[in-house]
Structures are given as C-alpha cells and as structure tokens.
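K.L.:
Work out the full structure: start from the sequences and follow the hints.
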Amino acid sequence: MKISSGRVLVTGASRGIGRAVVAQLVARGARVAAVGRDEEALMQVARTSSRQVTAVVGDLARESERELLVGHAAEALGGLDGLIHCAGVVKYEPVGTLTPQALEAMWRVNQLAPTLLSQEAARIMVEQGHGGSIVTVSSTLSTRPAPSTVGYAGTKAALEATTRGLAKELSARAIRVNAVAPGVVDTDMVRQPRVAPGTRAPEGAERERLVAEQLEALAYLHPLGRLGTAEEVAELIVQVLDAEWMTGSVVTLDGGLSL
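Counting from 193, one number per residue, gives the positions in the sequence shown under the numbering used here.
Treat the hints with care, as some may be off.
The following label-pair restraints were derived from C-beta to C-beta distances [to be verified]:
id, residue 1, residue 2, range
1, A364, E398, 55 to 63 Å
2, Q431, G271, 21 to 29 Å
3, A409, V287, 18 to 26 Å
4, P339, S197, 41 to 49 Å
5, Q311, P394, 37 to 45 Å
6, R399, D230, 16 to 24 Å
7, L402, G288, 19 to 27 Å
These aren't lab readings, by the way, just hints derived from the structure by calculation.
It should be emphasised that the depicted structure is a prediction, and the values quoted were computed from it without experimental measurement.
Cβ atoms here follow ideal geometry from the backbone N, Cα and C, with glycine treated the same way.
P.N.:
Here it is as structure tokens:
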C-alpha cells in the first residue's frame, strides 16, 4: 500500500499513540477511520484533519459493536488498505489479587479484538485483490514482565504470537502483518497514579507528586534516561505499515529498556 493514497483504520484513536498515528497518517495524505469510545475526543481529531478522518465510535470490548467496526470503516473510506491496532487496556494488579474480570477486560481488547479485526480486515483486503498491511501495538512487557503486569504482559505476548501467525497465513495474499513493541511511553495511561488494590487514588497536589515520582522511576529504567513519546512511536508504526518487505516482525522501540 502507498500511504499517500491509503485507507487506514486506526483503533484507540482518541488519545495517546493512536491519536498520534492518525496525525502522522493524515500528514502523509492517507484517509483514516479513527475508532474509539470517546466521541467528543474523536470529533476533535476529525475536525483537525482537513476532512481526511472519519470518526467511528465503538467499544472493542463489546462484541456487538466490534463486529461492525471494520465494515463501517471500509464503507466510509471506500475500501481498506491498512489496519493499525493501538487500543489497549492495562490493569496493574499483583498476581495475588488479579481477578478473572480484570484478565477478561484486558484479553478482550488486547488480544481478541485485534485478532478478529485483522480477520475481517484481511477478508476485505483479499476481496479488493491488492493486499494490505496490518500493524499491532505490543509492549516490551511481553518479554520482560514487571511486577503487577502478569495479566497485561500475557495478553501482549499472545498478541505477538498472533501477529506472527497472521503474517504466515496471510503472506500468500500479499497482506503483511507486523507489531511494534514500545517501552514506557508518556501517555494519559502512564500518568494514572498507581495505588494498591482497593486504595483510593489521591487528588490534587498529592496526586501530582505521586505521578511525578512514578514518571521519574519509569524514566530511570530506560538507559536513554527518559520515557518515549506518542509521536516517536507513531512515526515508527507508520514506517512499519509502509515497509513492503517486512512481515511477521516485532519491532522494539524502548530507549534501551530491553537491553
């Protein structure tokens, strides 16, 4: 696919990495179906896009909505050349208190949704007859889990295996499937205060202090001494989407975290 004329569906597009991906695609001339739960945020994204972005409101955790998303996006764009799955759910819970409900919430969005969306996107790409490109967003936690991330890390490891399996199966149809695995990126998700299960998060100045300490500790883990930005990750994702001789790869961008 050529990004300048591409039609791309992006999940998790209302904020963070997904929103940055939409901006990168629009800057390169692509038309984008931006999927997310926050209608107001999606409309803000669409308003700044010179009519290149169509907002598609949907919750990937809900089967009834998920099943319709790819079809709606393809109809709005007049076809589909690319899929980028940025949506994700993380719940920081130690294994002793990790609940089935938390595991299922992460699994539905981090593993089930990208698998089924890729299935439907591939069907459309095959019908169009000129291939396509799919990029999933994993995490370095898939291979280097941290405390209280066993559930999240497991979903990302499964996503990487699924990405490779899809790449193997869809290569004969000229559909490439790859993943990008970032380290810790400075997004709204990372700026949520981490407290013990059952403990209420602080407010005001105490909340700001706790978040600042968290960010400093996370930055220290990276040899380059800082967190990544959504824009840096988005730039790599778009490059991978466009890389014509790459499939089945998991590309790491983590400031040296995995060294």
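K.L.:
Could you tell me which of the numbered hints above are not met by this structure, giving the numbers in increasing order?
P.N.:
none
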